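Chains as they are written, first to last, in my numbering: chain A, 87 to 582; chain B, 87 to 582; chain C, 87 to 582; chain D, 87 to 582.
Don't take every hint at face value.
Distance condition first, Cα-Cα at most 20 Å in a straight line; then the derived PhoX-like pairs of lysine-lysine [unchecked claim]:
1. A:K509 with B:K414
2. D:K414 with A:K414
3. C:K182 with D:K509
4. A:K182 with B:K414
5. B:K414 with C:K182
By construction, these hints were calculated from the structure, which means they are not laboratory data.
Because the structure is a prediction, the values reported are computed rather than measured.
Number of protein chains: 4
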Amino acid sequence: MTKTNYFRHRLDEELDEMAAGYIGSWAEDKRLIDIDIRVNEAHTLMLYKQGVIRRNDAKKILEMLKLAREDWRKGKFEFDREDIDVHIATEKYVIKSGLDIGGKLHTGKSRNDQVATDMRIYTREQIVDILELLLDFISSLAELSNEYKGDPMPGYTHGQHAQVTTVGYYLLGYAQGFLRDVDRLLNAYDRVNLSSLGACALVGTSINIDREYTADMLGFDGIIENSMDAVSSRDFVMEVLSTVTLIMTKLSRMAEDLIDFSTYEYRFIRLPDRYCDISSVMPQKKNPDVLEMIRASAGKTNGLLIESAMGTLRLSTGYSKDLQPIKKNLCEAVDIVKPSITLMEGILKGLEYNFDRMREVIEENYVTATDLAEFIVQNKDFSFRESHILVGELVKTAEKQKKKLKDLSPDEISKISANVLGKDIVISKKELEEATDALLSIERRGVTGPSPVSIERILKSLNPGIKKRREDIEGIKDRLKSAEERFQKTKDDVMG
Amino acid sequence: MTKTNYFRHRLDEELDEMAAGYIGSWAEDKRLIDIDIRVNEAHTLMLYKQGVIRRNDAKKILEMLKLAREDWRKGKFEFDREDIDVHIATEKYVIKSGLDIGGKLHTGKSRNDQVATDMRIYTREQIVDILELLLDFISSLAELSNEYKGDPMPGYTHGQHAQVTTVGYYLLGYAQGFLRDVDRLLNAYDRVNLSSLGACALVGTSINIDREYTADMLGFDGIIENSMDAVSSRDFVMEVLSTVTLIMTKLSRMAEDLIDFSTYEYRFIRLPDRYCDISSVMPQKKNPDVLEMIRASAGKTNGLLIESAMGTLRLSTGYSKDLQPIKKNLCEAVDIVKPSITLMEGILKGLEYNFDRMREVIEENYVTATDLAEFIVQNKDFSFRESHILVGELVKTAEKQKKKLKDLSPDEISKISANVLGKDIVISKKELEEATDALLSIERRGVTGPSPVSIERILKSLNPGIKKRREDIEGIKDRLKSAEERFQKTKDDVMG
Amino acid sequence: MTKTNYFRHRLDEELDEMAAGYIGSWAEDKRLIDIDIRVNEAHTLMLYKQGVIRRNDAKKILEMLKLAREDWRKGKFEFDREDIDVHIATEKYVIKSGLDIGGKLHTGKSRNDQVATDMRIYTREQIVDILELLLDFISSLAELSNEYKGDPMPGYTHGQHAQVTTVGYYLLGYAQGFLRDVDRLLNAYDRVNLSSLGACALVGTSINIDREYTADMLGFDGIIENSMDAVSSRDFVMEVLSTVTLIMTKLSRMAEDLIDFSTYEYRFIRLPDRYCDISSVMPQKKNPDVLEMIRASAGKTNGLLIESAMGTLRLSTGYSKDLQPIKKNLCEAVDIVKPSITLMEGILKGLEYNFDRMREVIEENYVTATDLAEFIVQNKDFSFRESHILVGELVKTAEKQKKKLKDLSPDEISKISANVLGKDIVISKKELEEATDALLSIERRGVTGPSPVSIERILKSLNPGIKKRREDIEGIKDRLKSAEERFQKTKDDVMG
Amino acid sequence: MTKTNYFRHRLDEELDEMAAGYIGSWAEDKRLIDIDIRVNEAHTLMLYKQGVIRRNDAKKILEMLKLAREDWRKGKFEFDREDIDVHIATEKYVIKSGLDIGGKLHTGKSRNDQVATDMRIYTREQIVDILELLLDFISSLAELSNEYKGDPMPGYTHGQHAQVTTVGYYLLGYAQGFLRDVDRLLNAYDRVNLSSLGACALVGTSINIDREYTADMLGFDGIIENSMDAVSSRDFVMEVLSTVTLIMTKLSRMAEDLIDFSTYEYRFIRLPDRYCDISSVMPQKKNPDVLEMIRASAGKTNGLLIESAMGTLRLSTGYSKDLQPIKKNLCEAVDIVKPSITLMEGILKGLEYNFDRMREVIEENYVTATDLAEFIVQNKDFSFRESHILVGELVKTAEKQKKKLKDLSPDEISKISANVLGKDIVISKKELEEATDALLSIERRGVTGPSPVSIERILKSLNPGIKKRREDIEGIKDRLKSAEERFQKTKDDVMG
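Same shape as in the complex, but just chain A (with noise of 0.2 Å):
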């Protein structure tokens, strides 16, 4: 043999030096090493099973895999520029104890159906992880609801004061919300930890394989049953990068609201000094950096997903190198996600609340009118829409008089109504000031909404909903340690 790269027998010429660099996907490859000796191993065990080789052939190959992944953790595993791919370095490592018995290694198994697999593995990994950074996170987010769940804050719809909510009530509803990305993952689990191992380039192989013994040893609970669906399709990563900038998403929202509650003009909270940077130029700043980064990084996740599709779209059937892409594009997501939830953590642990100035808020402007506007129509026999157009109209006049809603007279009420309505109202100081109160407002939403029972009740039903989730990934993880368990045991088993 001639060749130095005794894979490329077919053409003429070895593969230009740009091209080995623009195709190559070592960068991202780096992290799939391990899960790609890990798939190997599986493939050679399964083929010694199934009298494809030879016990000592297996024996060896698997000697080799070992000393494969000692190196790479020494960091002695070195891989030439014309290798592309994780899979071809690891074979002519394996190859080194010989073409003979190396060689076979590959026998009934491609690149195709073992990148597929390496994703697929990878991917379950990934949502693992993200499922339990996302539960500590929501945790501490019922945690802390239930902690500022009497403080009155005021509640922003269109960036405007709409109505009085609290603390623990705006905490909980981002517990609840992530908590429907942590079912979402939990679904897509079901559809990535299938196994494509014996799909091969692309129909199979005529080699005497059992696809349901690697997928068993590889933690799999089922197989892509048809190979060219195996190879060809990458919608189990677009699920995982669609939940991604779901959350990243509202956690973008997150960290908008809390950019703006910590400056200057709202003071609600202040920020963790060790989540912020300074200003190399002007003195007094804090800057947000953290905050900005993560509202910035829901527009990065969104253009990978976007990436990703156009990795597809309009792309025939069958593994192209076009492909290839969107693995780089789930590590990118990955490594955004998961310290972006850890971060937002920490961030709102952190946080200092100055109660005392929402409160100020809540009362010089009018956070409240809404509930005169109902405590008129419970008390006082106008329509809603009747009652709306009053208080509209109060509002108007006190925002004119500089003047807070209770401070209006009973009888200028009155006039008022008559002169728009043409109805006389009858409505106390009295009335006026337990209508407009914050903490009475947020006492009669009882039951519902962001009275501190309401979220109590709530609690109550979340808390299993966090415990039922976390036991769902302990019950994963068990199932993915049990076959690995049973893995080590035939390897060894074989090994002798």
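Given the coordinates of chain A, assemble chains B, C and D onto it according to the supplied hints.
Chains B, C and D in isolation, oriented as in the chain A frame:
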């Protein structure tokens, strides 16, 4: 009241006319009006049940809503530019009966919770529609898969001939892929079919409402408990849009294949004329316009997904007008995916296959080279890599001589092997022929891969899978129908 | 002829009805019909001039086209579902005069070059419109900038108070930014205003046409020479869409600022009521709906850009139906950007500023800390980094004592400096006051930065810049107008 | 000073370690370090010239910057995680010479204006690089176009045979298309090459700086006058990213064509082996991996564009950390487009054409049907639509009889015409043959379209156009070089 628009009492000016067109959502709201009336009816029944409004008021309001629906159906429901959206228009219609009674419709209800509720109902209806179209399509794929289970076609990777597959197996792969999207939509349904009604503007209401009751009347399976979450979140739309893009991306790949297959160069299929268009200049042209549009429309739905993501990126919590375009995006996506599925099904059913041409292509090119390599592994004591190197050289040689693989002489092969691998091989003419035969190639796949027995085996589990999902959808529809009956009965009872 | 649709003679079946709706572009073609007729007229005149058709034929065709235009304006131009697009519909209208004469309209012309030509005319018209709106807007910004050149406002980085700026300077920055978009559109115009007509379906025609002649008649500045390029390329649309998104992104940032500035927390501005909407529930609300929609619409135009990109990604050369949605995307983008500019201009002109509040904020927070740091550098022999460290400590101290910087005592400052830097500093009360004064801060900027003199200086070059671009646009319009006159005269000559 | 990080004096805590990694930009800043040092040098020279710092201080700082550059080149410039970015790291390096002198580097300069300045220099360098690669590529296309000007190939629309074109004409279309991108980049250059330096954090500085001077030293053609605009805007990056995506989209279409043309089904071209990869399983495979990656990479650059757009969407004015990822996106886009151009050029130069196969395809299918239709129009007194109908019927008939058009008998044609149009036609065998001949078809295009004379004519204006742009680029480079020389001389003068 001198104001023409009694909603704007708090403001000094009417809405600018260009602004009204700019922020209005009438174009898309037209498809929500029936739903919106239903939601108003349910809310009215609840207000009466809770004692918030009197029976006579409830009757009057229900009567007006009924008239509104009738007028709408007759095309007589007129709206002003200043109405902005369906919610204002409906309330204004009801208030024609008087501000004192009609003005009660909006008690304890906001446009914020109502638009979310309307969208959830619309979304669930669309999910059911898409699910039914998709399952019909999958059933057709399964049937066609069975019909063409023994017809060999060249399989492609990298757009090049890879190995022999069958038409049936190709179609089956898509059937299985689309079934995952069915499951995704079913998973999404559970997160969509929860009521936002009663969340009011942001924090619920002090009016004594019953959220569970309206949820039940409207066929929801539960409520979104946190009111801030209920009015701020659009992740339920995003999840559906994500799945729609997955469906469209698969269709786009299928369309790409069929367009290729229908060219003169491939000549594998003949597209039904009724799905093709002509050229206004080139008399011979028959253009696959429908397939091209399906292919391109995946770009559109991906765009709608990303637009919707940008709708909430860096957006503070609480309803903002920024959320409105998401409603329109959903409508557009639905209008794309539904005909796309139906048209693709029609095209697939109307295809004429040119099996002779496919056989010709398989035989003239080297599509069965892998079969030969695997034959050598199984019979000649070569490792796979050795065999791969050898067959690679054989292909190169045959190509240069413009020969088929089976036309290489055993001697030549032996010489090449010795030369490249330093290893002898004795392979007979007959072995060569059998190893490279297309039909035998398929047969050798046994119970996995593109063989007829494999397809039959898969269909045996796929068909019950399809049936199971059909039952799930019937279950959903039954629940919705019985809710509707309860709703109707309650209305009748109140109306007397 | 038994076929109802004589275009489809080559095919055996009529177009499927759902398919016709799916691939048809009537919705967007409605705005192209007038242009399409013009293009047909120019083509007809050219065919006559070249001797391809006789004068009587030309007259008849021009007559029918005139009728078509009149019918269209009266709403009487009817089209069938099978017409698919404006080009077929127009030709069918002309052929009402007989297949022998009307059938000559399409000689040497295809829908492929015609749709590209129509789009180029439409695009150039839209560019001119947008340019005029944009220059009006920039002029308003420049005027407002001059009006508010001396009004201090806090400048922000990272959403936090950075340094003192002026309202005028803030607005001026946008004027200069938008002027770059004007230049981009002017650059794009040169690449848009080239004729595709005569490229025919793909490779031109053997008919003796004159491409330069029709280009001239239609006001184009030249032709796209390569016919394959002419029918395949849509980069001219992409370039315009890109610039539209740049405009919208700037508007989106401005909208974000104004929404923030109009909150109770900032209270810097009061939005004109006519650009705000109310809440149907919360009587006190005044919602910045128009600004929110501008903000969100940047997401839409970005989406349209990416959709259009996906329309050509991985698409083989030559016209394909995949290009059609780009036409629609362009129309939608134009419908967004035009009112967005006008509405933003209206809002800015109608703003009421609360300068007192801005001063208050500047004085109460540490917005002039950098001024103090620079004062120390300039007067006390501290390096900037030393000064930055010192003032950083001063801010920390002042904040803890709830003091302003100017209220720190010289002694305290001296002690802190010694402590932190091991360096003495003597700074008087008066120095401290002057260094941290907002108006002096602006004044110190001299001829650069947010000072009135700087703004006046910049306006002295900006205003001629605006004028220059207005003249460019007038030049474009004059050229188009004189082409139109030549065109009209030629038509009249032929019609006799 | 007890603080290890003297930049953070205003804060009580060090930056969280995970946060530092999360917000840091070292990975991409590595390619900016040389530029950053240059900017610091220019700023130092200016401070000295303006009398802000003394000559000895300037010398010391310049010395340290020189050492920093040398250390960097030797790989000895180390940075801490807390450095976050290149600007901090460089200043810290300089401050090793003492806080009193090194601390003067940052006088009147902020990271905000510096990062914008660095990016503008980096962007202009990349524009020049891309322009040169692009013009080389266009020159190659022009040469190849000339070489293959007479070689007929089938032209495609809708992926189907449309009309006859030539290889030269196909390539020429791309040459002309890419030349538009050259112009776009040249237009963009004018908006990129303006200095942001001196804008400082947001509003300039009270230090007596000279913005024009540093702009000149650094080779800028002017300054961004408004400092708020200068630090907030990234539209210059977006414009370049937009053009990069236009380039990549064209490459993606070309790649799609070449991949198709290289299949067994087309067999029009043979790809150079050095740009292809093999299959690890299928011995016969030769995969167009490089073309596939080019095709897919257009999706990546589009994604980077949209990510960058999302970076500024709904973002308030002024620098925010949200802008940082745009820097990274630009770097990634540049890393894609540059090798993509080079590799495509390599592939095109190495292609082997199979002209026989192209001729075969043209003759066997009905690619010249339009020529026949036009022949009839020109010679038989049929309107084009009549002729189109007739030839459409002829194709249908020929196809059913598996004949070529020229093999239809004159009688048959006459009969069909009478039947379909009620119109006689007498067409001879010879006319039929000539009208449908491929080479004659090309010839008939005359001075427009895909004929050799037309290509020669276009090249006569294209080549000077290429030359003109080359001169423009040389002009740019000369200006940059002479600025650099002035800069170096000034440095030498100060250093003595």
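| said: Name the hints, by number, that the structure is in violation of. | reply: 1, 4 and 5
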